[in-house]
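Based on these hints, arrange chain E on the given structure of chain F.
Number of protein chains: 2
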Amino acid sequence: MAKTVAKIRKSAEQIRAQILKGKKPSMRFPLRSLSNVRYNVKKGFFEMLGKKKERTLTVGTVKTFAQTLRMMSLAKEIIERDDMATKREAYYISKNWGKAGFAEQAESDTIMDDVEAMFRVNREQLKFIPEEKGGDVAGRLLVFDTDSKGRTVKIDCTRFGSGAYSIPTEVENLEFESRAKFILAIETAGMFQRLLKYDYWNKAKCILISMGGVPTRACRRFIRRLCEKLNIPVYAFVDGDPYGYFNIYRTLKAGSGNAAHLNRFFCVPSARFLGVTPQDIVKYKLPTHPLKAVDIKRAKDAIKNDPFVKHHKDWQKAIKLMLDMGVRVEQQAFAKHGLDFVVNKYLPAKLRNPGRFLP
Amino acid sequence: MAKTVAKIRKSAEQIRAQILKGKKPSMRFPLRSLSNVRYNVKKGFFEMLGKKKERTLTVGTVKTFAQTLRMMSLAKEIIERDDMATKREAYYISKNWGKAGFAEQAESDTIMDDVEAMFRVNREQLKFIPEEKGGDVAGRLLVFDTDSKGRTVKIDCTRFGSGAYSIPTEVENLEFESRAKFILAIETAGMFQRLLKYDYWNKAKCILISMGGVPTRACRRFIRRLCEKLNIPVYAFVDGDPYGYFNIYRTLKAGSGNAAHLNRFFCVPSARFLGVTPQDIVKYKLPTHPLKAVDIKRAKDAIKNDPFVKHHKDWQKAIKLMLDMGVRVEQQAFAKHGLDFVVNKYLPAKLRNPGRFLP
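Protein sequences appear in the order of chains F and E.
Everything in the first sequence is counted per the numbering used here, starting at 786 for the first residue and increasing by one.
Everything in the second sequence is counted per the numbering used here, starting at 786 for the first residue and increasing by one.
Heads up, some of the hints might be wrong.
When chains are identical, the list treats them as one kind, so a pair holds in a single copy or across two.
In the BS3-like style, the derived pairs of lysine-lysine whose C-alpha atoms are separated by at most 30 Å in a straight line are [stated by the list, open to error]:
id, residue 1, residue 2
1, LYS988, LYS872
2, LYS1135, LYS1014
3, LYS939, LYS966
4, LYS1070, LYS788
5, LYS884, LYS1130
6, LYS884, LYS1077
7, LYS934, LYS828
8, LYS990, LYS939
9, LYS988, LYS939
10, LYS837, LYS1121
11, LYS939, LYS1014
12, LYS1121, LYS827
13, LYS1102, LYS1089
14, LYS828, LYS1098
15, LYS1095, LYS792
16, LYS809, LYS828
Hints listed in this document are in silico derivations from the structure and should not be mistaken for laboratory results.
One chain only, chain F, in its complex shape (with noise of 0.2 Å):
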């Protein structure tokens, strides 16, 4: 944190020494667009170029330069209080600027995106916080936190029951400790309640999160956090359809195209697609649903424009074999066969071989 103090801190002084000497005081910004970023395999993850933006004060930028200077000038604010802010509580601080507030608040998360990006941190780095919740956790994690007496907490992820542990939307200074042999990402809170019924990660031995579709930021950076720290394997068990293909599974495991300076600490490279395919729906009979127009305009530009399934050739065959039958699947489909199967079998038998998940 206190590096991040002394970045701003940096970036200010040099605005003001322009401004002693008399020159137009300027700040330069990675350009954030698809324009600016490729698919870095050896990394796993789309990051960004060395493109650039310039913000000059001049009249025309004199409301926008001001207000990145009082963002900064939060963000410093905050973390020297050990504080936070929501983007929306930063839209309403802003309030108080006088000409220099603004006027909606995706004026204000802009302006929070360009300032992250110039410091080439990550928003939580600087204490805004995301609006959304993180996910659930059930199984063999023992996580560490910190209440507000600054005193440390022990969360043990196996006490819960039926119910779970909430990731909170800040997740950077949370520790972890686990003996689990994998951490299963799941799609639906239905499924995740499925397994948490059957006792699953007892049985599997291994920690499940529940992403409850796309994941968050949180939830992303808890999973590349937890998996970093505790070397184990990140499996993705989602819907067999372009949603939980690319929306879903490539976030997690690459991230997003227009959030590219975030990639690096958003995204979980080691991530394997354990299932649903479109093969799966072949070998275990699945019950499936047409492709919708829009499914399939999703496959194709997926197999035409998006870095990362143009460099795995093992997804393009995946998702042409998903054309061709022309159906998708839900991972609950699975209950046609008995309440049990995915836990007694699907898991299990896919479990044997990791190493033939899709990358």
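Relative to the frame of chain F, chain E by itself:
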């Protein structure tokens, strides 16, 4: 649970007896629509009137008749096995029912609702559980749950640091212990995180519940069971807009019109409205947003058609004030006066006079 099984068995035996006598078997369900609902002021929720629909076995009804019996049988089976099925799993299980299989989940959901209404129980008592998760809890509360081996687990909601206890989708068997003075039900995860950060539950000796928008059935049932067991007040703290007033607060307190057979289980009639009220906007000089067309429509509809609003003059006044001012307000707007304002000023000031809360 034995009671529910007995009801199912009795109903099945009656049908069998009718068949053996050579009569056409039939089932009777309460009509699930607004025309079969009234606002019971004394009980505090929307309740069902006596209108019924009858399903007699004929050539035209043979499929739904069979599906209803199958659904009853599935409920009996999972209750007896101490298992459960999500709504989606129930749909997939039906794929083994031959011609009685459901073509879409909407069909199985409808039959499930019929069975639920027929036995006057809630779906969770039939062991059909919703997909969505329940909400987050922190503060002065001990929850007692059972793990998969049948052992009691004690969950201490003061011990989660910046995280929280995630309410399971099935809450019927939870037990509680608490010395809290009240329950604060909060709309947004952001405000929940703010109150956690500032140790609010400790200062105010309360239980915080993050509803994350419109509370799910599990969340409503959790709050309901909690306030019955602990006999302490429930205060709602939501955005000051028609969505917060009706979709969130009114649903929490009095239930909804289209699922009136459930309201007696899920509503929290003792809930009171802490804020944010239209008066708060004036009193605290809060930053606002103009009402959208949909807000205005929703507010006018409520005054005209909502039995709850029609009964409560105070709500009519509040809504008219909001319409006159033409603005809505978010609960995080207090951040304008400093991040700690909500914790150190607004909530303590409000809680000095809970008698003045909107009903």
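Next item on the list: If any of the earlier hints don't hold here, list their numbers in rising order.
Entry: 4, 7, 10, 12, 15 and 16
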